[in-house]
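Below, each chain spelled out in residue letters.
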Amino acid sequence: DGGITQSPKYLFRKEGQNVTLSCEQNLNHDAMYWYRQDPGQGLRLIYYSQIVNDFQKGDIAEGYSVSREKKESFPLTVTSAQKNPTAFYLCASSADFYSYNEQFFGPGTRLTVL
Amino acid sequence: GDSVTQMEGPVTLSEEAFLTINCTYTATGYPSLFWYVQYPGEGLQLLLKATKADDKGSNKGFEATYRKETTSFHLEKGSVQVSDSAVYFCALSSRPQGGSEKLVFGKGTKLTVNP
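Chains A and B supply the protein sequences, listed in that same order. According to the numbering used here, the first sequence is numbered sequentially starting from 596. According to the numbering used here, the second sequence is numbered sequentially starting from 293.
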């Protein structure tokens, strides 16, 4: 079955540590996205990638970094510069950037900073 | 900038009750409008969409009509089931000047349906 996988489902981090969240898709989609979801708030766009080896900052990119070395993979690193990293992180993809409004989402990773 | 406002939740209904979740938007131009649903422990799924004024999106018994005059896209279902319990997000496609297109989401409305 085609879809998006995110790992791990739950992640705990000590303050000052970097942590990388995995996102893999086998939908053959060109575009991929990372969102952050906080309780009682909508999704906020962190980074997006229209194509391999290209990515752009979203609305809240500070303290985060990404790479897009392979079409199917778009890992997100939460760095120690992110002041409030505890949140639910969602990865999504779309066939291409022109189909950005029809996104398929992964199940998410819940990150907790201890 | 473009924005979406949804009714505050949570919403609790009995099975077979009528559901309305209000959504209004502010946008320049003519955005497409969407409802996404998030079941417990899962990512979001596209529920329905409408791309122009007076369009009605429908799926799984849910409906929403794009009302340009009231800038609204309210979600309705005539008879809810326990399996409809989820968080519902209204969203629009935004094309900000000088920026890239993106989806703008509302804060979400949690629906609980009791048997």
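Because the hints were derived from the structure by calculation, they are not lab data. Check the hints yourself; a few may be wrong.
Claimed, not checked - Within a straight-line C-alpha distance of at most 27 Å, the following computed DSS-like cross-link-like pairs (lysine-lysine) qualify:
hint: 1; chain 1: A; residue 1: K678; chain 2: A; residue 2: K609
hint: 2; chain 1: B; residue 1: K399; chain 2: B; residue 2: K341
hint: 3; chain 1: B; residue 1: K344; chain 2: B; residue 2: K394
hint: 4; chain 1: B; residue 1: K360; chain 2: B; residue 2: K344
hint: 5; chain 1: B; residue 1: K399; chain 2: B; residue 2: K360
hint: 6; chain 1: A; residue 1: K678; chain 2: B; residue 2: K399
hint: 7; chain 1: A; residue 1: K666; chain 2: B; residue 2: K360
hint: 8; chain 1: A; residue 1: K652; chain 2: B; residue 2: K360
hint: 9; chain 1: B; residue 1: K348; chain 2: B; residue 2: K394
hint: 10; chain 1: A; residue 1: K604; chain 2: B; residue 2: K360
hint: 11; chain 1: A; residue 1: K678; chain 2: B; residue 2: K394
hint: 12; chain 1: B; residue 1: K402; chain 2: B; residue 2: K352
hint: 13; chain 1: A; residue 1: K666; chain 2: A; residue 2: K652
hint: 14; chain 1: B; residue 1: K348; chain 2: B; residue 2: K399
hint: 15; chain 1: B; residue 1: K399; chain 2: B; residue 2: K344
hint: 16; chain 1: B; residue 1: K399; chain 2: A; residue 2: K652
hint: 17; chain 1: B; residue 1: K360; chain 2: B; residue 2: K402
hint: 18; chain 1: B; residue 1: K360; chain 2: B; residue 2: K348
hint: 19; chain 1: B; residue 1: K352; chain 2: A; residue 2: K665
hint: 20; chain 1: A; residue 1: K604; chain 2: A; residue 2: K652
hint: 21; chain 1: A; residue 1: K609; chain 2: A; residue 2: K652
hint: 22; chain 1: A; residue 1: K609; chain 2: A; residue 2: K666
hint: 23; chain 1: B; residue 1: K344; chain 2: A; residue 2: K604
hint: 24; chain 1: B; residue 1: K394; chain 2: B; residue 2: K341
hint: 25; chain 1: B; residue 1: K360; chain 2: B; residue 2: K394
hint: 26; chain 1: B; residue 1: K352; chain 2: B; residue 2: K341
hint: 27; chain 1: B; residue 1: K394; chain 2: A; residue 2: K604
Unchecked claim - Selected chain A positions facing chain B (in silico; Cβ < 10 Å):
hint: 28; residue: Q601
hint: 29; residue: P603
hint: 30; residue: L606
hint: 31; residue: F607
hint: 32; residue: D625
hint: 33; residue: Y630
hint: 34; residue: G635
hint: 35; residue: R639
hint: 36; residue: A687
hint: 37; residue: A690
hint: 38; residue: P702
Built from N, CA and C at the ideal position, the CB exists for glycine as well.
Going down the list of hints, with the structure as the test:
Pair hint K678(A) plus K609(A) holds up; C-alpha atoms about 12 Å apart against a cutoff of 27 Å. Proposed proximity of K399(B) and K341(B) is supported: the alpha carbons are some 18 Å apart, at most 27 Å. With a C-alpha separation of about 17 Å, the suggested pair K344(B) and K394(B) falls inside the 27 Å cut-off, and the hint holds. Taking the CA atoms of K360(B) and K344(B), the gap is near 8 Å; set against the 27 Å cutoff, the hint holds.
Taking the CA atoms of K399(B) and K360(B), the gap is about 21 Å. The hint holds against a cut of 27 Å. Of the supplied pair hints, the one linking K678(A) and K399(B) holds, its CA atoms being roughly 22 Å apart against a limit of 27 Å. Distance restraint check for K666(A) and K360(B): the Cα-Cα separation of roughly 38 Å exceeds the 27 Å cut-off, and the hinted pair is therefore not satisfied. This hinted pair does not check out: K652(A) and K360(B) have alpha carbons roughly 31 Å apart, beyond 27 Å.
Under the criterion of a C-alpha separation no larger than 27 Å, the hint pairing K348(B) with K394(B) is consistent with the structure, at around 22 Å. Pair hint K604(A) plus K360(B) does not hold up; C-alpha atoms about 40 Å apart against a cutoff of 27 Å. With a CA separation close to 25 Å, the supplied pair K678(A) and K394(B) stays within the 27 Å bound. At roughly 18 Å between alpha-carbon atoms, K402(B) and K352(B) fall within 27 Å of each other, so this suggested pair holds.
Distance restraint check for K666(A) and K652(A): the Cα-Cα separation of roughly 18 Å lies within the 27 Å cut-off, and the hinted pair is therefore satisfied. Taken as a hint, the K348(B) and K399(B) pair is honoured in the structure, with Cα atoms around 22 Å apart against an allowance of 27 Å. Taking the CA atoms of K399(B) and K344(B), the gap is about 23 Å. The hint holds against a cut of 27 Å. With a C-alpha separation of about 21 Å, the suggested pairing of K399(B) with K652(A) holds against the 27 Å cut-off.
For the hint pairing K360(B) with K402(B), the CA-to-CA distance comes to about 25 Å; that is within 27 Å, so the pair holds. Of the pairs offered as hints, the one joining K360(B) and K348(B) holds, with about 12 Å between alpha carbons and a cut-off of 27 Å not exceeded. Taken as a hint, the K352(B) and K665(A) pair is broken in the structure, with Cα atoms around 36 Å apart against an allowance of 27 Å. For the given pair, K604(A) sits about 24 Å from K652(A) by alpha-carbon distance, which is consistent with the 27 Å threshold.
For the suggested pair K609(A) and K652(A), the alpha carbons sit about 25 Å apart, so the restraint of at most 27 Å is met. Note on K609(A) and K666(A): the hinted pairing is violated, with a Cα-Cα distance of about 31 Å set against a maximum of 27 Å. Taking the CA atoms of K344(B) and K604(A), the gap is about 37 Å. The hint is violated against a cut of 27 Å. This hinted pair checks out: K394(B) and K341(B) have alpha carbons roughly 15 Å apart, not beyond 27 Å.
For the suggested pair K360(B) and K394(B), the alpha carbons sit about 20 Å apart, so the restraint of at most 27 Å is met. This hinted pair checks out: K352(B) and K341(B) have alpha carbons roughly 13 Å apart, not beyond 27 Å. With a C-alpha separation of about 26 Å, the suggested pairing of K394(B) with K604(A) holds against the 27 Å cut-off. Hint status for Q601(A): holds, given a least beta-carbon distance of 8 Å to chain B, under 10 Å.
Of the supplied interface hints, the one on P603(A) is violated, with its beta-carbon coming no nearer than about 14 Å to a beta-carbon of chain B, more than 10 Å. The beta carbon of L606(A) is not positioned within 10 Å of any beta carbon in chain B (closest approach about 15 Å), and the interface hint is therefore violated. Taken as an interface hint, F607(A) does not check out: its beta carbon lies about 18 Å from the nearest beta carbon of chain B, beyond 10 Å. About 14 Å separates the beta-carbon of D625(A) from the nearest beta-carbon of chain B, more than 10 Å, and the hint is not met.
Proximity of Y630(A) to chain B holds as hinted, the smallest CB-CB distance being about 8 Å (cut-off 10 Å). A cut of 10 Å between beta carbons decides the hint on G635(A): the least distance to chain B is about 6 Å, and the hint holds. Evaluation of the R639(A) hint against chain B yields a held restraint, the C-beta minimum of about 8 Å falling below 10 Å. Checking A687(A) against chain B by beta carbon gives a least distance of about 7 Å; that is within 10 Å, so the hint holds.
Taking 10 Å as the C-beta cut-off, the interface hint given for A690(A) is violated, the closest approach to chain B being about 13 Å. Below 10 Å, beta-carbon pairs count as interface contacts, and P702(A) has one with chain B at about 5 Å; its hint therefore holds.
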